[in-house]
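Assembling the complex is the task here: the two chains are given apart, and the hints tell you how they should meet.
So the chains spell out like this:
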Amino acid sequence: MPFLQQSTELLGSALAVSAILFSLGVAGVLLRRNAIVVFMCIELMLNAVNLTFIALAQQLGRDGHVFVLFVMAVAAAEAAVGLAIILAVYRHKQTVNLDKVNLLSG
Amino acid sequence: MQVLSFWLFSGLAIVSALMCITRRSAVVSAMWLVLTMFSLAALFVILGAQFIGAIQVLVYAGAIMVLFLFVIMLLNLGRDEPTDLPGRLGGLIMLGVATVLAVELWAVTKIVPVGEIRLPAGALESVVEQEGAVGAISGPLFRDYIVPFEITSVLLLAAVVGAVVLAKRRL
Numbered sequence: 105m106p107f108l109q110q111s112t113e114l115l116g117s118a119l120a121v122s123a124i125l126f127s128l129g130v131a132g133v134l135l136r137r138n139a140i141v142v143f144m145c146i147e148l149m150l151n152a153v154n155l156t157f158i159a160l161a162q163q164l165g166r167d168g169h170v171f172v173l174f175v176m177a178v179a180a181a182e183a184a185v186g187l188a189i190i191l192a193v194y195r196h197k198q199t200v201n202l203d204k205v206n207l208l209s210g
Numbered sequence: 002m003q004v005l006s007f008w009l010f011s012g013l014a015i016v017s018a019l020m021c022i023t024r025r026s027a028v029v030s031a032m033w034l035v036l037t038m039f040s041l042a043a044l045f046v047i048l049g050a051q052f053i054g055a056i057q058v059l060v061y062a063g064a065i066m067v068l069f070l071f072v073i074m075l076l077n078l079g080r081d082e083p084t085d086l087p088g089r090l091g092g093l094i095m096l097g098v099a100t101v102l103a104v105e106l107w108a109v110t111k112i113v114p115v116g117e118i119r120l121p122a123g124a125l126e127s128v129v130e131q132e133g134a135v136g137a138i139s140g141p142l143f144r145d146y147i148v149p150f151e152i153t154s155v156l157l158l159a160a161v162v163g164a165v166v167l168a169k170r171r172l
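Here the protein sequences come in this chain order: S and L. Taking the numbering used here, the leading residue of the first sequence gets 105, the next gets one more, and so forth. Taking the numbering used here, the leading residue of the second sequence gets 2, the next gets one more, and so forth.
Think of the hints as simulated: they come from the structure by calculation, not from any bench. The structure presented is a predicted model; accordingly, all values stated were derived computationally and were not measured. Take these hints with a grain of salt, some might be off.
Unchecked claim - Derived Cβ-Cβ restraints for the label pairs, each shown as a range: (1) D203(S) x P121(L): 47 to 57 Å; (2) V29(L) x A192(S): 24 to 34 Å; (3) N77(L) x D203(S): 41 to 51 Å; (4) K169(L) x T199(S): 14 to 24 Å; (5) A55(L) x N206(S): 39 to 49 Å; (6) V161(L) x L202(S): 20 to 30 Å.
For each residue, glycine too, the CB sits at the ideal point set by N, CA and C.
Isolated chain L, as found in the complex (with noise of 0.2 Å):
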């Protein structure tokens, strides 16, 4: 069943990241983006994380997608155009794209997690059920990880004074 579900969603995620590649239209390319952002939600959750699911889900699929759309209704970019994709060279960038995703996948199949580091099967599956599915992100979250928390709120705040200041015709 979970087998089953996973590699639905994963054809799901691969058959709308290419359909969002090659559409014309920016805008239908957005919308099959937002469809793999929801296959890749659906893929977390089975991978055991079903916080980060939720999270995808509000804020890629939510915020970062409404963002591109609202930046290509603003700019009237929505129309289709004439296919920007490239003939020869394209053929030769996809050629050499598919070679390092030949290598990749034969390297994964080859990768063996070393033992002394490997958690013991269900490890993860426990904590969540101890400490809950936000638990037990928060847990490392404000404990391990609390100086890099509190310089991503910096990083925001200067993305926030960033983007006000590039984007307003004068100050």
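Okay, chain S solo, but in the shape it has when bound (with noise of 0.2 Å):
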């Protein structure tokens, strides 16, 4: 399939990519006050590094693909729980703005 042979000459693209989209990331979760954006960025994180694992894995084996599956779990598994939490925070303070949340600074 010619289509699928000439994949591995993508790492380096592939590596660059993905560190650009988790720069944009760490950018989000540095710059945004929202919590749920802040949340959406940090699943943007972690899709990046899922695409750096699936680039490495043209060249070291099917390994990181079935790693890319448990950071999809913990992913889903994230994602649940701090929804709650910024379900439970929301009901107590009726905002999601991070810079109005202190409820551990005293």
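As structure tokens, then:
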């Protein structure tokens, strides 16, 4: 299948795209104050890491694919728990702005 | 053809990720993130992980993003808010992130996989051709990684219980 056989040449490019996506996720987490958008940026970072795993699996074997499945399971669990925390905080403070959520600062 | 579609979907993923972190409304952000997930699924398929691409659409673009949208609508956060992007401090943060990104990209261009652990070209594709896209993943998953797999099920159970305990007003 000629369509599939040149895909190993894309390793460097895929890692670069992954680095860009991860940096965008980091920037979003650092800049945004809306808790839900911050959460979505964390998902973006997890996805960038998945892209790294898939790109390197081309060279190093399919164990990377298995690990992506585990990352997805952890991401799903994290999203469920995190959104439950956001719901609880919203019920308590009537806001999801992270600057106004300082329950632990005394 | 393949390189072209790789760059097409890469550009789409980066642009939509950029839109996702800059939009004011949380719903619009979530929609752009869905587009990012779809582009990443296409990239996975291009890079030879067809099954992971399908799972990406099902789990991320389907389940997780629906969960996000559900919470956004439940809390009635869909309307446009005054932008929460900070001014000068935000610029400094962006500068720092951009510097780190530049160093990362420079390092990525220098990468050379070690020769001994490198697979011959097309090895992954031949495995997929022999065992099928699902078999190529389920083989190692249920043979070499069976203990992590079972631990994942415990993790998911803990997440379910934790989410119910946190979100419920009073048990």
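Structure-based check of each hint:
1. Look at D203(S) against P121(L): about 54 Å separates their beta carbons, and that is inside 47 to 57 Å.
2. At roughly 25 Å, the beta-carbon separation of V29(L) and A192(S) lies within the given 24 to 34 Å, and the hint holds.
3. At about 20 Å, the beta-carbon gap between N77(L) and D203(S) misses the expected band of 41 to 51 Å.
4. For K169(L) paired with T199(S), a C-beta distance near 21 Å keeps the hint of 14 to 24 Å intact.
5. Checking the proposed 39 to 49 Å range against A55(L) and N206(S) shows it holds: the Cβ atoms sit about 42 Å from each other.
6. Distance hint for V161(L) and L202(S): a CB-CB separation of about 26 Å, consistent with the stated range 20 to 30 Å.
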